[in-house]
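Number of protein chains: 4
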Amino acid sequence: MSQETGLALDKHELQAFLDEVFPQVKNEFVVEHVEEMYVELRTPIRDKHLRPGGTVSGPTMFALCDVCVYAAVLAMIGREALTVTTSVSLDFMRKPAADRDLIGKCRLLKLGKVLAVGDVLLYSEGDDAPVARSTMTYAIPPKR
Amino acid sequence: MSQETGLALDKHELQAFLDEVFPQVKNEFVVEHVEEMYVELRTPIRDKHLRPGGTVSGPTMFALCDVCVYAAVLAMIGREALTVTTSVSLDFMRKPAADRDLIGKCRLLKLGKVLAVGDVLLYSEGDDAPVARSTMTYAIPPKR
Amino acid sequence: MSQETGLALDKHELQAFLDEVFPQVKNEFVVEHVEEMYVELRTPIRDKHLRPGGTVSGPTMFALCDVCVYAAVLAMIGREALTVTTSVSLDFMRKPAADRDLIGKCRLLKLGKVLAVGDVLLYSEGDDAPVARSTMTYAIPPKR
Amino acid sequence: MSQETGLALDKHELQAFLDEVFPQVKNEFVVEHVEEMYVELRTPIRDKHLRPGGTVSGPTMFALCDVCVYAAVLAMIGREALTVTTSVSLDFMRKPAADRDLIGKCRLLKLGKVLAVGDVLLYSEGDDAPVARSTMTYAIPPKR
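Chains as they are written, first to last, in our numbering: chain X, 6 to 149; chain V, 6 to 149; chain S, 6 to 149; chain U, 6 to 149.
Simulated from the structure, these hints should not be mistaken for lab results.
Using N, Cα and C, we set each Cβ at its ideal position, and we do this for glycine too.
Fair warning: there could be bad hints in the mix.
Unchecked claim - Label-pair restraints from in silico Cβ distances:
{"hint": "1", "chain 1": "V", "residue 1": "D52", "chain 2": "U", "residue 2": "E40", "range": "45 to 53 Å"}
{"hint": "2", "chain 1": "X", "residue 1": "A21", "chain 2": "S", "residue 2": "P57", "range": "55 to 63 Å"}
{"hint": "3", "chain 1": "S", "residue 1": "A134", "chain 2": "U", "residue 2": "P49", "range": "49 to 57 Å"}
{"hint": "4", "chain 1": "V", "residue 1": "G11", "chain 2": "S", "residue 2": "G117", "range": "24 to 32 Å"}
Claimed, not checked - Straight-line distance between alpha carbons at most 25 Å, and here's what the computed DSS-like set of lysine-lysine pairs gives:
{"hint": "5", "chain 1": "X", "residue 1": "K118", "chain 2": "S", "residue 2": "K148"}
{"hint": "6", "chain 1": "U", "residue 1": "K115", "chain 2": "V", "residue 2": "K118"}
{"hint": "7", "chain 1": "V", "residue 1": "K31", "chain 2": "X", "residue 2": "K31"}
Unchecked claim - Heads up, incomplete: computed chain S residues facing chain X, CB under 8 Å, no partners named:
{"hint": "8", "residue": "T88"}
{"hint": "9", "residue": "T91"}
{"hint": "10", "residue": "S92"}
{"hint": "11", "residue": "V119"}
{"hint": "12", "residue": "L120"}
{"hint": "13", "residue": "T142"}
All chains, please: the whole structure from these sequences, using the hints.
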């Protein structure tokens, strides 16, 4: 862990780890910013993420929220691929723009030994009003 | 609406409508059973749904829950593509099997004029213990 | 644990334990039925539970859901007062009757070593349509 | 509505309305601060709010979250007693202090014609780490 930052993984290490554990969805989750208990990620929106009516699909938004919290936890505790989502709440509030990337901003509210809780706001890039919000609880496996 | 069943769409009409509004994900959601306030859908699991460690991805489970509630609402009210998810809760409870299809069983708990609420249990086909549960609220657009 | 039933606490033991750990709210939670992974509890509705417009307050409904899941877990694992709620989802679907008791029916969907998940449906006694639903996750302390 | 602030109810009007619609729980919810799309409320903690082990009860925390979002909505739209909670998520993260008041800080994330969504963080007064978080959706009745 870097003594200067309190982070176990910096931005480049975090991106490398996400690409390694989620090879099927490489390029879906771009780490934009990492600090203690906080990350920002981007999903570049392409045709495959869209739904009729010119909006981004629900699973695309769910996935970005989920990876944001996962990334925020790993940035603090290091490479623990087995960390798993247990509980999710998710509110869809506005229609995301079809022609702009999706930005996720996640703050960890709790980082315990067993459970971590993170809050995420999702934005269409350039808009101030969030399109969705989510809270996710992650279970952290015991140290072996 | 069929007078015998109280359903606005039967199994085949519901499948046709889902394929029409979600052309990007055709063959992802197979309607297995429809009755009043209840549906069962299947997602045939293929490589693209998997994650390392031999499990089904979170977005795949989210998507099946979401489409289950949407389908249960449409079966009752008919073709209303604009019906949208507003609030979601989702609990992941067990690791889904990588080599079995995912089955979603959804019961509508409320079908109001403005809001509908549905509960979903997800199973790896052939298992009695659910891998996940979800509740989704849908907003129904006013009649034009 | 009773060999006949798989229960760690029967109906009377469970009632005695709830009255012991929640002395402030004695008589608020009456155990009606206990079986493996399932309980039913009653809150006798009195003036103090009501809100203007002739309905039962949200905190009264929350409390019954919460105690239902707690009771369902304890019935299976025995007297573990330190078991705590971590995540809650709750949907209010219909207005409860002011002149009838509130009945909670809880099924445990998961009883793991660390986390338990229970689903609750709340009814105004005598009605078939649930007034609310809830899912609660409980963290179970490690064995000392 | 005040032209200077965009608020339909100021701090004193909001307090008066809460005391009027919730006479049973007068003095439970003290409006500390109101601004556009944001409120802070206090629950003065007394013996009746406590549970064994020296902590604040779940229903006390639920009630403060719920009234925070209600107050934030009413501050913007005015006296609409019929505004009702529909969906709730709530995460308990730390044990609240038994000897300090509970502070709720609520930001409205959406204020639509039909639905409003608010995020709440709860604190034991003087602590930086939140004891709980909640998101609540409120349904706003149509204008008569």
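Could you tell me which of the hints above the structure violates, numbers in ascending order? Violated hints: 3, 4, 8; rest satisfied.
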